[in-house]
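Here is what each chain is made of, one letter per residue.
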Amino acid sequence: MNKNTSSQANDSSVSVRGLVFNEPLLFEMGSPGRTAHSLPKCDVPEVELEALLPAEEIRDQIENFPELTELDVVRHFTRLSQWNFSIDTNFYPLGSCTMKYNPKINNELAALPGFAHHHPYTPEVLSQGSLQLMFELQEYLKEISGMDHVCLQPAAGAHGELAGMLMIHAYHAAKGTQRKKILLPDSAHGTNPASAALCGYSITQIPSDGRGLIDPKKLEAMMDEDTAAIMLTNPNTLGMFETDILKITEIVHKKGGLVYCDGANLNAVMGETKMGNMGIDVLHFNLHKTFSTPHGGGGPGAGPVGITNQLEPFLPVPVIEHTKGQYRLNTDRPQSIGKMKAFFGNFGILLRAYAYIRSLGPEGIKKVAQMAVLNANYIKASLTNDYHLPYSGPSLHECVFNDKHQLKNKVSTMDIAKMLIDYGFHPPTVYFPLIVKGALMIEPTETESKETIDQFIAAMKEIARRAKEDPESFHDAPSLPVVSRPDETAAARYPRLRWKPA
Amino acid sequence: MEIQKDLLYTMEHEWIRLKGNRAVVGVSDFAQKQLGDVVFVELPTEGTELVKENTFGVVESVKTVSDVYAPLSGRVVAVNKDLETQPDLVNSDPYGKGWMIEIEVTDSSPEDGLMNSEKYTELCQQQG
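Chains A and B supply the protein sequences, listed in that same order.
One point on numbering: in the working numbering, the residue at position 458 of the first sequence is 473, and numbering is uninterrupted.
One point on numbering: in the working numbering, the residue at position 41 of the second sequence is 30, and numbering is uninterrupted.
Among the hints, a few may not be true.
Claimed, not checked - The calculated lysine-lysine pairs, modelled on DSS-like cross-linking and capped at a C-alpha distance of 27 Å, are:
{"id": "1", "chain 1": "B", "residue 1": "Lys70", "chain 2": "B", "residue 2": "Lys86"}
{"id": "2", "chain 1": "A", "residue 1": "Lys452", "chain 2": "B", "residue 2": "Lys108"}
{"id": "3", "chain 1": "B", "residue 1": "Lys22", "chain 2": "A", "residue 2": "Lys423"}
{"id": "4", "chain 1": "A", "residue 1": "Lys483", "chain 2": "B", "residue 2": "Lys22"}
{"id": "5", "chain 1": "A", "residue 1": "Lys195", "chain 2": "B", "residue 2": "Lys22"}
{"id": "6", "chain 1": "B", "residue 1": "Lys41", "chain 2": "A", "residue 2": "Lys233"}
{"id": "7", "chain 1": "A", "residue 1": "Lys419", "chain 2": "A", "residue 2": "Lys119"}
In case anyone wonders, no lab produced these hints; they're calculated from the structure.
The task is simple: from the sequences and hints, build the whole structure.
Encoded structure:
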């Protein structure tokens, strides 16, 4: 149902016009006796269920079980799918998430029967093609990152973090001097302290300096021989390159610590520089961000982890080896941290990332980073008069504004984000990183055209103007989507986790 | 914004009502405003030993998830169980029904490093 309200289509919005249908739950539809298909007549003797199963194994009839025709079901799910907001329908500048377009050729290659039907229990000798693909993907990721070894198993970024931290833990354990602490900048992704804590480490926060970066002097004062590692993100969550990275890694190494780099923002630097050259010991890759594999609907992701030679004995098993023209899986590695994932990780996703890297080639990979940085800086430069920029230094693939100007009229980051939906755009990441109060973190990625980015900028400018002239209009925004402004507080405080008949 | 005069405060915006060797702890009005609508509070169980400046719980709001830090060392002797079902008390009554834990204090000089209400007012003004 389309409600016509004041926040209407105008020059700055993706033209919003249409017919969006309200859709009841399946449980609220149908009529007794309706079916979606008819079964052929039974051609074997019928047996009573009670004769086959003990009484306690037979459940009662489900109350109000929906009875529907095929068309009812098809319309229901097709309509729901039209409520979806996706990278295939709209611009999706969700900062830190790298919602780039996922080329369809990746999916086509992943659907090739030879790959799609390849059972993971197939013997090595009959799996040479898949093993070769994984081995080569590891080689490409090594080349892109400058790390000595790569393991493809982890199923997501945070899982890659855990694999990396387990290897760091194993490294110190093997030296006979387990350490207790991990240092983390206060701008870190929340998964970083979680991964470190899962390995039994305690967390110490490094406050960011006025530039939004790690201050090597502060780090030097905090780094000691009880610190196992520092976990940093480069470029960091403000989209800023840690310009003192060489000093930082030197300080940590001098005290016998290791450096973990969260690869969430690799999109900004790949092809231009290599983490291996900066003294990084462990790096994870978010294939679902940087290498264009789908992740908006929950993935699955893939979070391979790269390491330096000193951590090689601890790699998860199995390790793919290539000797005498044959690919093998080696599980005979006594110091390994063990298996991180069933079989070899999310193979279908690895395949898509492989296709992406092969399609782009070295020059294309570099161009990705350049365009991602250009697009983000174009947005940053275009909106600096309209939104407050808490850290004004040079930034790369994303830019972080906040609501300081708009708050004067009681329009908050949440209001801005909600209003943007009426203009046809997915809101940016909000209230992250935590060091920016009311953060609006915008990451356009390299795949958007100038026209789309200009429309987004125009919408953001218009929203800033409306925040001054008509702040009241924000309180019920958005008004155009099927679900406008759910009460998130009530939903979190008193969640209703399943539907029950009224 | 309300800052109660008879309480002590931390840099992390916890308040402390100290009486003899007992201290009741919660988060300040400033903190609850910054957090926004609180939707979940995770507290330690009674008997937990706390170390000053280490985290003792988690406050989750619509916007963010924050740790809360022990303002003093000691043993938890009481926990506000109402917050399990009514986390919004942290918003509506931060110094009263929104209290979090009571500690039997083992610090010999528990007030070290804590602020009185004037100093805390200055801190809030700087951060506000």
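Against the structure, the hints come out as follows:
no. : hint                  : in the structure
1   : B:Lys70 <-> B:Lys86   : holds, 11 Å
2   : A:Lys452 <-> B:Lys108 : holds, 23 Å
3   : B:Lys22 <-> A:Lys423  : holds, 16 Å
4   : A:Lys483 <-> B:Lys22  : holds, 23 Å
5   : A:Lys195 <-> B:Lys22  : violated, 35 Å
6   : B:Lys41 <-> A:Lys233  : holds, 22 Å
7   : A:Lys419 <-> A:Lys119 : violated, 40 Å
Hint check: violations occur at hints 5 and 7; the rest are consistent with the structure.
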